[in-house]
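Chains as they are written, first to last, in numbering that gives the first Met the number 0: chain C, 0 to 531; chain E, 0 to 64; chain W, 0 to 378.
Calculated directly from the structure, the hints in this document are not laboratory data.
Please note that the accuracy of each hint is not assured.
Take a look, some chain W residues computed to stay more than 10 angstroms from chain C by CB distance [said to hold, decoys possible]:
{"#": "1", "residue": "Val61"}
{"#": "2", "residue": "Gly79"}
{"#": "3", "residue": "Thr80"}
{"#": "4", "residue": "Met96"}
{"#": "5", "residue": "Ala109"}
{"#": "6", "residue": "Ile217"}
{"#": "7", "residue": "Ala237"}
{"#": "8", "residue": "Arg284"}
Partial list, computed: chain C residues near chain E (C-beta under 10 angstroms) [unchecked claim]:
{"#": "9", "residue": "Thr46"}
{"#": "10", "residue": "Leu145"}
{"#": "11", "residue": "Ala227"}
{"#": "12", "residue": "Leu309"}
{"#": "13", "residue": "Pro320"}
{"#": "14", "residue": "Ile415"}
{"#": "15", "residue": "Leu419"}
{"#": "16", "residue": "Ile481"}
Within a straight-line C-alpha distance of at most 25 angstroms, the following computed DMTMM-like cross-link-like pairs (lysine to aspartate or glutamate) qualify [claimed, not checked]:
{"#": "17", "chain 1": "C", "residue 1": "Lys422", "chain 2": "E", "residue 2": "Asp24"}
{"#": "18", "chain 1": "W", "residue 1": "Lys320", "chain 2": "C", "residue 2": "Asp165"}
{"#": "19", "chain 1": "C", "residue 1": "Lys60", "chain 2": "W", "residue 2": "Glu44"}
{"#": "20", "chain 1": "C", "residue 1": "Lys341", "chain 2": "C", "residue 2": "Asp165"}
{"#": "21", "chain 1": "W", "residue 1": "Lys108", "chain 2": "C", "residue 2": "Asp352"}
{"#": "22", "chain 1": "C", "residue 1": "Lys60", "chain 2": "W", "residue 2": "Asp110"}
Where a beta carbon is used, it is the ideal one built from N, C-alpha and C, also for glycine.
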Amino acid sequence: MDFISNQVVELSRFQFALTALYHFMFVPLTLGLTFMLAAMETVYVVTGRRIYRDMAQFWGKLFGINFAIGVATGLTMEFEFGTNWSMYSHFFGDMFGTPLAIEGLMAFFMESTFVGLMFFGWDRLSKQAHLAITYLVALGSNLSALWILIANAGMNVPEGAHFDADTMRMQFDSFVSVVFSPESQSKFVHTSVAGYVAASMFVMGISAFYLLRGQHRELAVRSFRMAAIFGIISSVAVITLGDVLGRMDYERQPTKIAAIEGIWHTTKPPFEPWIIAALPDDEKQVNHFEIGIPYVLTPLITHSFNQPVLGMHELEDQAGPRIRSGIIALTALRHYGETHDKADLDLFNAHQDDMGFGFLATRHAPNQDVTTIPAEQLDTVVKQTQPDILPNVFVVFWSFRFMVFLGTYFFALFAIASLLSLKNRLEANRWLLKAAMWSIPLPILATEFGWITAEAGRQPWTVFNKLPTFLSASNHSTGYMIFSLAGFALLYSVFIAAELYLMFRFARLGPDEHGAHATPEHLFSAIQGGNA
Amino acid sequence: MKLLRLAGLALALVIALLFAVFVGDQGPWYFAWVVGTVMIVLISGAGTILLDAQEENISQKENTP
Amino acid sequence: MATYAILKLIWTGLLGVLFIGLGTMVGMDMGVGTLLRFVGRTDGERRTALNIIGPHWDGNQVWFILGGGAIFAAFPTLYGTSFSVFYVVMILLLFSMILRPVAFEYRSKADSRHWRASWDITFLISGFLPMFVYGAAFGNILEGVGYHFLWTGQYVQDESFLSYLINPFAILCGLLSVALSVQQGGAMLMLRSENPIYSRARAYGSTAGFVAAALFVIGGVWIAYMPGFSLTWLLDSAMPANPLRGQTVAIHQGAWLDNYHAHPILWLLPVLGTSCMLAEALMLRAGRPAIGWWLGVGAWVGTIGTVGAAMFPFLMPSITKPDQSLTVWNATGSLYGLTCMLVVTAIFVPIILSYTSWCYYVMRGRVRVQDIVNDPHSY
């Protein structure tokens with residue numbers, strides 16, 4: 000069997016991670032800011048006070064700068080499955096492509112069409128109609144996230160599809176179980192609400208900047224108040240859903256949860272400590288030092304006091320028989336493809352749950368062909384494959400911790416900010432304003448760590464327990480990969496430079512610029528709005 | 000016209016109710032997201048309106064010592 | 000005929016509609032991008048041209064995303080294989096496509112002349128290159144692509160990307176697609192602008208129409224004499240979709256005309272294409288851009304229809320292992336997947352069409368230079 004070089008697989012993974020993480024620097028703001036704009040505009044429509052319209056337009060402008068790159072980098076994602084993960088697309092596309100296509104049809108179209116009206120339609124639509132448009136943009140961008148996370152949940156917990164020997168791929172068989180799987184639900188809510196947190200911090204931080212400089216006070220205190228309340232509720236929701244996801248991983252992705260918590264040996268409840276910091280060593284399979292809080296781990300993960308959490312050594316042991324069974328499955332499958340013999344199909348069906356583990360052994364099989372392993376080498380191949388079922392523990396362990404620590408910090412910051420804002424004592428507490436301003440990038444960082452936890456924790460699979468990552472990649476030469484990587488690196492650096500330049504410029508300029516450049520048409524509608 | 004509007008409203012309510020029942024049953028977290036988002040938007044909006052009221056209060060106090 | 004086979008056909012038809020929509024709507028915006036530096040001499044004029052498509056380019060670009068998503072869902076094997084086979088070209092296309100949204104949003108947000116001039120060049124590249132690649136990909140597919148599959152379904156590429164770039168027929172197809180987009184962009188500019196943009200757009204748009212017609216005819220003759228593919232044996236049109244088995248394929252010269260010989264009515268498609276291109280050029284010259292725009296849609300229907308009729312049932316033939324060519328019968332999703340997608344499409348396409356046309360209605364009217372320069376929200 001032809002085998003893609005490890006280097007190309009690693010470069011493909013690196014490129015996907017780079018483009019996905021980059022894309023997601025812009026997505027959280029879009030998810031949250033749209034609903035915040037809607038909230039501001041709602042207040043404008045209800046109270047009729049012009050300041051809220053100014054708020055919606057000012058933050059809308061910053062949103063626009065962010066939205067453009069979000070769309071542009073999202074394009075890359077839609078095509079990268081095809082350009083770099085051809086085997087994955089063939090194997091899982093029947094199910095995975097559907098939510099992606101629905102995302103285009105249902106959400107992306109809506110968001111992109113109405114975003115034009117949102118920016119250009121202020122003078123052409125009634126107040127109520129424009130508000131409705133803003134809500135549609137907000138709903139559209141979040142529905143977009145919904146379908147993407149449904150697809151992503153399918154990679155982590157493949158439901159609603161089964162492998163078919165005649166088509167050699169996963170066949171889609173249940174729309175409802177894909178859309179309503181607990182994994183899809185909690186992933187979506189967790190991610191969407193994390194976007195609310197990011198947007199709250201963005202608005203709160205820039206408002207704090209104005210308050211610190213004593214500029215645009217009217218707009219800044221209102222935006223600050225709104226963002227602080229938006230943020231405190233959202234950060235509670237993010238933490239709740241994070242807990243739900245952890246419990247889900249415990250049930251469905253034991254290797255991920257073991258790596259997240261750095262558990263090498265199955266736990267003995269209830270004493271087991273929750274490790275705050277450790278130095279996991281993937282080579283020697285131990286933690287070099289550990290600081291933990293006793294009695295926390297078991298109730299945290301299992302929501303009980305007596306359930307054990309499987310350790311990575313035990314998971315490796317359990318994988319042994321599955322690898323053997325998987326090798327039998329693949330051998331039978333290959334024979335079935337050549338002869339169409341019913342006996343081969345029956346043999347395959349008996350072992351098909353373990354097929355993915357057979358694929359995993361490819362890397363260690365002689366000639367990289369699992370279907371022709373000599374009997375005397377089988378034990379060695381299985382033994383060599385066993386450690387492959389684990390993700391990179393160090394990365395998963397620490398990215399999870401950074402995410403959790405940051406999340407806790409946001410909760411505290413928003414709580415204090417809400418309290419002080421409600422008491423109108425912001426200006427007296429300059430340290431809080433400074434903290435809010437410097438915290439602007441942190442929620443985005445936290446979502447990135449969240450993605451690293453979820454997706455690095457899914458390794459070595461692209462379709463969990465079904466298809467290994469190293470088999471999913473396209474068969475490119477290293478030269479191709481260097482070409483595309485260099486291009487992406489160059490383009491994306493230009494983007495981020497342009498975005499930051501404009502963001503800082505417009506944030507510094509502040510909201511007043513609108514009034515100075517208003518056209519007669521603008522002034523006219525402003526007078527009308529005032530009279531109404 | 001008024002009747003038509005009422006009928007439209009009733010229809011929207013029925014659809015909302017059916018949606019709530021179905022999604023609440025099949026996807027409790029989706030339902031929580033819908034309700035939660037509306038709640039967040041309304042509460043944060045109310046927060047700023049409260050600010051307007053607070054400021055008015057202060058300026059009234061300053062004007063009438 | 001079995002339900003599954005019918006579904007495969009429906010989705011092939013929808014794929015065609017998608018290609019036509021992509022050509023018309025995205026092509027129009029790309030055409031405006033290509034023409035930007037030529038129809039607009041001053042900054043105000045260029046901004047006017049941009050704002051003509053300003054409220055809609057984003058919605059139109061979704062055709063592109065939708066295209067990716069729909070091919071992924073309905074033709075997963077085609078999606079994975081074709082995008083990987085054309086890797087370098089696809090990445091170039093992506094680079095130019097992702098530059099566009101950013102160019103729209105950022106160009107007019109800073110006053111510096113160099114800033115704006117560099118984004119204007121970006122518009123030229125990101126208008127020309129994607130349409131060129133779009134056409135060239137069709138050209139390459141018509142000539143056959145070098146790839147085969149392993150028993151697991153993993154594809155293996157057998158050709159270098161250079162053969163896709165330096166290829167006279169593909170270049171001709173690429174230029175045809177660019178010419179069609181310039182024509183459509185010209186029509187759109189005429190519809191919503193005033194002089195001097197109007198008259199320049201008229202000159203470029205109508206010339207592009209004549210060029211397109213000429214390229215289309217040359218391409219047609221070329222196809223008649225190039226080696227084509229024909230299906231010599233098919234297990235069953237409703238067979239499980241798997242490129243590894245179930246068909247044999249032969250290559251012979253002129254095979255792309257087989258369908259036309261079998262069903263002479265198909266000749267109407269190339270006739271429609273050519274006449275629409277010529278008629279649109281004349282209409283633009285006569286100052287009737289609205290009719291011209293709709294004739295442009297006809298030109299795309301004719302072009303995509305001609306290629307589709309020639310190739311059916313092939314989607315992407317393989318030169319190195321013709322039996323593993325991807326066809327309508329072996330590259331689609333499952334019965335369940337196709338049904339599911341069809342239901343979703345039937346629900347959402349009417350909704351999309353209604354709100355998109357409502358948006359056009361709200362933002363109707365001519366765009367004037369002085370409005371654009373004074374409006375803080377414009378591009």
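Checked hints:
For W/Val61, the non-interface assignment is contradicted: its Cβ lies about 5 angstroms from the closest Cβ of chain C, within the 10 angstroms cut-off. Once the 10 angstroms rule is applied to beta carbons, W/Gly79 is inconsistent with being away from chain C; the minimum gap is 3 angstroms. With a minimum CB-CB distance of about 6 angstroms to chain C, W/Thr80 fails to clear the 10 angstroms threshold, and the non-interface call is violated. Some Cβ of chain C comes within 10 angstroms of the Cβ of W/Met96; the nearest lies about 6 angstroms off, and the non-interface call is violated.
Separation of W/Ala109 from chain C is inadequate, the least Cβ-Cβ distance of about 7 angstroms not exceeding the 10 angstroms criterion. With a least CB separation of 31 angstroms from chain C, W/Ile217 remains clear of the 10 angstroms interface cut-off, as annotated. Listed as outside the interface, W/Ala237 is consistent with that label: its C-beta sits roughly 12 angstroms from the nearest C-beta of chain C, beyond the 10 angstroms cut-off. With a least beta-carbon separation of about 31 angstroms from chain C, W/Arg284 lies farther than 10 angstroms from that chain, consistent with its non-interface assignment.
Checking C/Thr46 against chain E by beta carbon gives a least distance of about 7 angstroms; that is within 10 angstroms, so the hint holds. Against a cut-off of 10 angstroms between C-beta atoms, the interface hint on C/Leu145 holds, since the closest Cβ of chain E lies about 8 angstroms away. Hint status for C/Ala227: holds, given a least beta-carbon distance of 8 angstroms to chain E, under 10 angstroms. Residue-level restraint check for C/Leu309 is violated (minimum Cβ-Cβ distance to chain E is 26 angstroms; threshold 10 angstroms).
Annotation: interface hint on C/Pro320 violated; nearest CB of chain E at approximately 35 angstroms, more than 10 angstroms. For C/Ile415, the shortest C-beta to C-beta distance to chain E is roughly 15 angstroms, which exceeds 10 angstroms, and the interface hint is violated. With a least beta-carbon distance of about 13 angstroms to chain E, the hint placing C/Leu419 at the interface is violated under the 10 angstroms criterion. The closest approach between the C-beta of C/Ile481 and any C-beta of chain E is roughly 42 angstroms, which is over the 10 angstroms cut-off, so the hint fails.
A threshold of 25 angstroms between alpha carbons decides the hint, and for C/Lys422 with E/Asp24 the separation of about 41 angstroms lies outside it, so the pair is violated. At roughly 20 angstroms between alpha-carbon atoms, W/Lys320 and C/Asp165 fall within 25 angstroms of each other, so this suggested pair holds. Proximity of C/Lys60 to W/Glu44 is assessed by CA-CA distance (about 23 angstroms); at most 25 angstroms being required, the pair is judged to hold. For the suggested pair C/Lys341 and C/Asp165, the alpha carbons sit about 12 angstroms apart, so the restraint of at most 25 angstroms is met.
As the CA atoms of W/Lys108 and C/Asp352 are separated by approximately 56 angstroms, the hinted pair breaks the 25 angstroms bound. Proposed proximity of C/Lys60 and W/Asp110 is supported: the alpha carbons are some 17 angstroms apart, at most 25 angstroms.
The structure does not agree with the numbered hints 1, 2, 3, 4, 5, 12, 13, 14, 15, 16, 17, 21 stated previously, though it agrees with the rest.
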